[in-house]
Amino acid sequence: MTTDTLKEEDPKARDLAKSKQMASAVKSQQAARRRSMGMVKNYFPIALLALLCIAFALMNHRFVTLSNLVTVLQQTVTLLVVALGLTFVIIAGSIDLSVGSIVGMATVVAAMTAPSLGALAIIPACAVGLLAGTINGFVFVKGKVPSFIVTLGAMVVYRGIILIFTSGTTISIDDERFVNAFGGNSLGVPHSVVIAVVLTVVCLLILDTTVFGREVRAVGGGERVAALTGIRVERVKIGIYMLLGLLAGVAGVLNGAWSMAATAQMGTGLELDAIGAVVVGGTPLTGGQGSVLRTVLGCLIMVILSNGMDMVGLDPYIQNIAKGVVLVAAVFVTIDRSKISVMK
Amino acid sequence: MDGEGRGDEVQTIELTAEHLFKSYGSTRALVDVSTTLRPGRIHAFAGENGAGKSTLLKILAGVESADGGTLLLNGKPYRPRNLRDAEEHGIALVFQELTINPSLGIAENIYIDRMRRFSRRFGTLDAKKMRRTAQIIIDRLDIGISVEQDIASLDLGQLKCIEICRALSTQPSLILLDEATAFLGWKEVEAVLAVMRRLREEGVTLGFVSHHIAEVMGVADTVIILKDGANVGELHGADINAETIHTRMVGREVSAELYPARHERAASKTLLELSGIRLAESTEDLNLTVHAGEVVGIAGLKGAGGEQIIAIIAGDQRAAAGAMALNGSPYRPRLPTDGWLAGISYVPGDRAREGLIVDFSILDNLVMAASPHRGPVFNKAKAVDIAKGAVRRLSIKTNDIRAPCSSLSGGNMQKVVLGKCLGTEPRLMLLNNPTRGVDVGARQDIYRAIRKLVDGGLAVLLVSEDLTELLGISERLIVLRRGNVSGSFDLNQPCTEQEVVRCMV
Chain F
1 MTTDTLKEED PKARDLAKSK QMASAVKSQQ AARRRSMGMV KNYFPIALLA
51 LLCIAFALMN HRFVTLSNLV TVLQQTVTLL VVALGLTFVI IAGSIDLSVG
101 SIVGMATVVA AMTAPSLGAL AIIPACAVGL LAGTINGFVF VKGKVPSFIV
151 TLGAMVVYRG IILIFTSGTT ISIDDERFVN AFGGNSLGVP HSVVIAVVLT
201 VVCLLILDTT VFGREVRAVG GGERVAALTG IRVERVKIGI YMLLGLLAGV
251 AGVLNGAWSM AATAQMGTGL ELDAIGAVVV GGTPLTGGQG SVLRTVLGCL
301 IMVILSNGMD MVGLDPYIQN IAKGVVLVAA VFVTIDRSKI SVMK
Chain V
1001 MDGEGRGDEV QTIELTAEHL FKSYGSTRAL VDVSTTLRPG RIHAFAGENG
1051 AGKSTLLKIL AGVESADGGT LLLNGKPYRP RNLRDAEEHG IALVFQELTI
1101 NPSLGIAENI YIDRMRRFSR RFGTLDAKKM RRTAQIIIDR LDIGISVEQD
1151 IASLDLGQLK CIEICRALST QPSLILLDEA TAFLGWKEVE AVLAVMRRLR
1201 EEGVTLGFVS HHIAEVMGVA DTVIILKDGA NVGELHGADI NAETIHTRMV
1251 GREVSAELYP ARHERAASKT LLELSGIRLA ESTEDLNLTV HAGEVVGIAG
1301 LKGAGGEQII AIIAGDQRAA AGAMALNGSP YRPRLPTDGW LAGISYVPGD
1351 RAREGLIVDF SILDNLVMAA SPHRGPVFNK AKAVDIAKGA VRRLSIKTND
1401 IRAPCSSLSG GNMQKVVLGK CLGTEPRLML LNNPTRGVDV GARQDIYRAI
1451 RKLVDGGLAV LLVSEDLTEL LGISERLIVL RRGNVSGSFD LNQPCTEQEV
1501 VRCMV
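Protein chains in written order, with my numbering: chain F, 1 to 344; chain V, 1001 to 1505.
One or more hints might be untrue.
[Claimed, not checked] From the structure, some residues in chain V lie toward chain F, with a derived Cβ separation under 10 Å:
id, residue
1, Pro1077
2, Leu1335
3, Asp1359
4, Phe1378
5, Lys1420
Just so you know, the hints here were simulated from the structure itself, not pulled from any lab data.
No experiment lies behind these values; they were computed from the predicted model shown.
Don't be surprised by glycine CBs; every beta carbon is placed ideally from N, CA and C.
Could you put together the complete structure from these sequences and hints?
So this is what it looks like as structure tokens:
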């Protein structure tokens, strides 16, 4: 049946056919727009990363050398290990501002125990991280204080503890066993990068294949629903803070082995870089959504942005502005506004 | 001065929709819908969940725009850009969800989007004048509320009336109400219906959506029946009857057997026993037993305590005093988790906030309570099997279990919540208003699924504001009044709604 024959017979039927046509045209247009927007949202972080790499490579040939690649990876590890833990916390709908201080504490503990324990100094360092994370989790869950406030306080408290132990001075780390284990190379591959890759895979498996990972998402997606469905919300929340504390401990060790010293200011501001990396990767702060691979992308974007701007010789002041703009722009593009009813 | 809300100069309008089309993604919400709303009449929109009623109302009120078709207002083309624009044309919408802001006063809520109208010099607010004009509007409805009252003291029905006042404050000639009564108790519903009749007398045109056929029968002059996004018939005046509406809306004969038959059974063993439970310090001891293979209904006005009892059994709330026993051994849940582990599953009253995570997929929600796993690892293949089984068993209307629950209609969402609960193979199921805002077809599916499980030995404790539902599927009925038991009925003996209502009030 064509519209032409209808035209002569019945004006009403013609109207009808016309509005049907219009409706389907509008529909397919909308669908196409939605699909392309979905593509942009999903692939923006990786496109941004590719764009940055190409731009910096064109501007400075040293950017694409193997030695710079190794440098980039080494600069990424500490941030990545912290951001992995934060990914869980953020997907569960919470936040942790104290990770920078926890990393600093772990580095100090590693520096103080490395002379006697060697590479085994990672054990007390991680234990301190785990303890700090557990305390955060307990105060948050049992005290029912918002995680932002708990960890804001913890950030200052843990920094204070660092100052007490270091008296504000630098403790150098020159135990070879420790430095080689966590800062050395084998076959040209830095040990720290291997550790970070292993931890990434472990976190990926935890989040995507375990029941615990699903529970973390459920708590972030709808805490009340999760609780009424029998999920032990409190246990899940304490669990993610313990995991983050443990990872912050490892990050502290890698940090110490890389810089061969523990300073009182170590890790300051790291929490904001890590939150930024998670968010730039496309994991929203509203909870329920996100992935480990997005966090890896976000970390690489943040590090390559700094590294590339350094190599190009951009004014450090301008660098800060660029970083901030990239952060907001990335969220502007990737955020899925249909799932967030109110922007706060 | 406008905004005084006097009702004596209502302008009559006639709104005609011609060949409306609307799609959301691949879902066709409206397919060639034409209808006319005539001045001074009450129009009811009937249809199953997902039939397109809300979409139609939203298009008429400018909240959504149609993909195709035209709207005519008194014969002139009408293309509302948004809600405000529609209001300026004399058309106001009261949303399905409650939109009252509890931290503001009554007058502020009524004029929430137009407080500027009462600004004085230097931008300060003439609150006195605002309250005075708000009171005039409230008095027009004759609902006995003062603007000075604390908004927290109003019940849901009164809050809905405040929303109607907000709509009235725009001086509309046409008011559209989207499931205004879905969350109200029967007493509150009466108040809202009375208000609608009153407005009709003043010459206001009304359009409303309701799942309760009794309400439709009670006030509507015209019933517009939608099915799968199409207008499948209109009934006027004396032609309006429940059977025709049901048949057209479902597309097949809905027999009187909305509620499946109960089977006679010998007394089975006691499953749950509440002894000396007090909902508050001041209430009397409450004793209740639930046996395997029976449905126990709890009736009562909103706030009478039914919802509280099942929240206590679920482990979501604590009783002020008393003890519970499950299968003869003490049962003291500290968390909902304890309830689930003891074989008690819980369908909460608010499905979108408590029942399921609407952004998550149907699959994720269906297996949330009992994730199939090998050690700590989630068993994806088995989860897909479980989800597909639940979709089949409860006839959940979807062709993709990975689609988010937000793509489902209310009735199907509720089926997902039920599916989640059944996945744990419970011994006792707690249902809080399981068919609130659910259409007849989906209701029938839900009742049948429940009855089948009860015949297999499941115990059900049902709290509902729908008395016919309670009488239709319960074996026994407990009536609560202010936290105390005020009556109990064995429904194997005949019993009328009047008898139950007498115990409720």
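Going down the list of hints, with the structure as the test:
1. Pro1077: violated, 14 Å
2. Leu1335: The hint holds - Leu1335 (chain V) has a Cβ within 10 Å of chain F, the shortest such distance being about 7 Å.
3. Asp1359: holds, 5 Å
4. Phe1378: At 5 Å from the nearest chain F Cβ, Phe1378 (chain V) passes the 10 Å test, so the hint holds.
5. Lys1420: holds, 7 Å
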